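Protein sequence lines, in the order shown, are assigned to chains A and B.
Going by numbering that gives the first Met the number 0, 3 is the number at position 4 of the first sequence; the sequence numbering is gapless.
Going by numbering that gives the first Met the number 0, 46 is the number at position 47 of the second sequence; the sequence numbering is gapless.
Mixed in with the good hints, there may be bad ones.
[Unchecked claim] Pairs of lysine-lysine residues, derived as BS3-like cross-links and limited to a Cα-Cα distance of at most 25 Å, are as follows:
1. A:178 - B:150
2. A:4 - A:63
3. A:146 - A:57
4. B:1 - B:172
5. B:185 - A:173
6. B:1 - A:201
7. B:172 - A:57
8. B:136 - A:178
9. A:201 - B:185
10. A:146 - A:178
11. A:29 - A:4
12. B:150 - A:173
13. A:201 - B:136
14. B:185 - A:97
[Stated by the list, open to error] Heads up, incomplete: computed chain A residues facing chain B, CB under 7 Å, no partners named:
15. 59
16. 107
17. 112
18. 114
19. 167
20. 168
21. 171
22. 174
23. 175
24. 179
Since the hints were made in silico from the structure, they are not lab data.
Bear in mind the structure is a predicted one, so any value in this text is a computation, not a measurement.
We put the CB at the ideal spot given by N, CA and C, even for glycine.
So the chains spell out like this:
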Amino acid sequence: MPNDKMISIIRSNYELLPVLNRFGLKLGFKDKTVKEICEENYINPDFFLAIINTYNNKKYFPEKELSSFSPLEIVKYLKATHIYYLEYLLPRIDDLLKELIRQNESKSQDLKMIEMFYRNYKQELVSHIREEEEMVFPYVIDLVQNKSKISSHPGIHAFEKEHSNVEIKLNDLKNLILKYVNPDYDQNTCNEFITNLFRFEKDIMDHSRIEDKILIPMVLSMEKSV
Amino acid sequence: MKGRILILHESSIVAEGLAAIIHKYYDIDIQTLKSSGDFDVQRSSGEVRMIIASNELTDEVYGLLQRFKTKRQIPVIAVIDGSEEINNKLTFDHSFNIKTSEQNIQEICSKYLNIGSVETNNKEGILLSVREKDVLKLVASGLSNKQIAQKLFISVHTVISHRKHITEKTGIKSVSGLTIYAILNKLIDTEAYNIESGL
């Protein structure tokens, strides 16, 4: 895998482009391999591949490589994911939903209800992201740099359960739109809206998997050793 | 999907190939083992729902399969390499060979995994019962399970059971999602109900 051409990874799944961007990588790879690109950009190739693999395969778990990753590089990646959500994907979904409501000639209440649910969901998600940025990541960074535990911090355990609620609501949102909305909307805008919603769901599930399967086990073992 | 499928075969091509085909259709955990010695009941999570095993049974594998079949009534499907007869030491429920089509594999799996009766998804699309609608209306108006129980003169346990069915049928789990569902389906009156505060 490290000797695969970088471009073949994208060719096999173009949805990985934003994932690459989070490592600071953009197109123009020519025929360079994953290993070459990673070395040029000071990225740990094992970590890069682990992220790609978690994205492609829900059941993937990099047990063997885990110890070679730095929690700091994981945090850096997760932060870049947050920026992608907050600065691009969520605003994009917002705009599409607004557009969808604007185009809806019959002024149906359905879409407004959905919008309300979405706004509420987004608020929860944003506060979850804030919490990670303000509480969890600084804790992890401190643990790595000072090899000490902030005594007042409840530990990494406390933040695992948060995910499920956000995931449940996203799934509800999808079902409400797919199953129960009146078909008097603009089809192209709606399709684009739904495509983005699915993309977001896939990405955020992957984001949670990285936290639950890579970051949390690492931090738990660090907590034990300090 | 809950539970897992066990594939016991010495050939990786057979085991991984079958696993890949089944994964195309079902999101279920599949464990592939080269020999029954690798099987560890304690370690594995989720109950075994189906076993696919090589037709060439060693005594060890035979013992394991026998236990699964007789004690736990788990379906066992044989993989036949060539033209040989099905091993009659154990009654297999079905068999696969190299010519079995993908569609056939899928059909057999759904038959023995009992999909259609066990999965919750199949309840999707069934209309809510009158009682479930009553419960849903109260959930949507922000009442707790206990309050709903008191209001409808039923036990909390029954409320929980209704709520489970509502979620299975609608595909919606959160209270705020159910509220929107109730409004979209005109089960509650938006005029009489302050939606903003309920969410």
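Results of checking the hints against the structure:
Proposed proximity of residue 178 (chain A) and residue 150 (chain B) is contradicted: the alpha carbons are some 30 Å apart, above 25 Å. For the given pair, residue 4 (chain A) sits about 23 Å from residue 63 (chain A) by alpha-carbon distance, which is consistent with the 25 Å threshold. Among the hinted pairs, residue 146 (chain A) with residue 57 (chain A) is inconsistent with the structure: their alpha-carbon atoms are about 32 Å apart, more than 25 Å. As the CA atoms of residue 1 (chain B) and residue 172 (chain B) are separated by approximately 18 Å, the hinted pair is consistent with the 25 Å bound.
Of the supplied pair hints, the one linking residue 185 (chain B) and residue 173 (chain A) holds, its CA atoms being roughly 19 Å apart against a limit of 25 Å. A threshold of 25 Å between alpha carbons decides the hint, and for residue 1 (chain B) with residue 201 (chain A) the separation of about 21 Å falls inside it, so the pair holds. Restraint check for residue 172 (chain B) and residue 57 (chain A): satisfied, since their Cα atoms lie roughly 23 Å apart, inside the 25 Å limit. The suggested pairing of residue 136 (chain B) with residue 178 (chain A) holds, with an alpha-carbon distance near 19 Å, which does not exceed 25 Å.
At most 25 Å may separate the alpha-carbon atoms for a hinted pair to count; residue 201 (chain A) and residue 185 (chain B) exceed this at roughly 32 Å. Note on residue 146 (chain A) and residue 178 (chain A): the hinted pairing is violated, with a Cα-Cα distance of about 51 Å set against a maximum of 25 Å. For the hint linking residue 29 (chain A) to residue 4 (chain A), the alpha-carbon distance of about 9 Å falls within 25 Å, and the restraint holds. For a cut-off of 25 Å, the pair hint linking residue 150 (chain B) to residue 173 (chain A) is broken: about 32 Å separates their Cα positions.
Among the hinted pairs, residue 201 (chain A) with residue 136 (chain B) is inconsistent with the structure: their alpha-carbon atoms are about 32 Å apart, more than 25 Å. Taking the CA atoms of residue 185 (chain B) and residue 97 (chain A), the gap is near 23 Å; set against the 25 Å cutoff, the hint holds. At its closest, the beta carbon of residue 59 (chain A) sits 13 Å from a beta carbon of chain B; the interface hint therefore is violated under the 7 Å criterion. Hint on residue 107 (chain A) is violated. Least Cβ distance to chain B is approximately 10 Å, over the 7 Å limit.
Because the closest C-beta pair between residue 112 (chain A) and chain B is about 5 Å apart, less than 7 Å, the hint holds. A distance limit of 7 Å between C-beta atoms decides the matter here; for residue 114 (chain A) the minimum to chain B is near 10 Å, and the interface restraint is violated. At a threshold of 7 Å, the smallest CB-CB gap from residue 167 (chain A) to chain B is about 5 Å, leaving the interface hint in force. Here the hint on residue 168 (chain A) is kept, as its CB sits about 5 Å from the closest CB of chain B, short of 7 Å.
The interface hint given for residue 171 (chain A) holds, since its Cβ lies 3 Å from the closest Cβ of chain B, which is under the 7 Å cut-off. Checking residue 174 (chain A) against chain B by beta carbon gives a least distance of about 4 Å; that is within 7 Å, so the hint holds. Because the closest C-beta pair between residue 175 (chain A) and chain B is about 6 Å apart, less than 7 Å, the hint holds. The interface hint given for residue 179 (chain A) is met, as the beta carbon of that residue sits about 5 Å from the closest beta carbon of chain B, less than 7 Å.
Comparing the model with each earlier hint shows violations of hints 1, 3, 9, 10, 12, 13, 15, 16 and 18; every other hint is respected.
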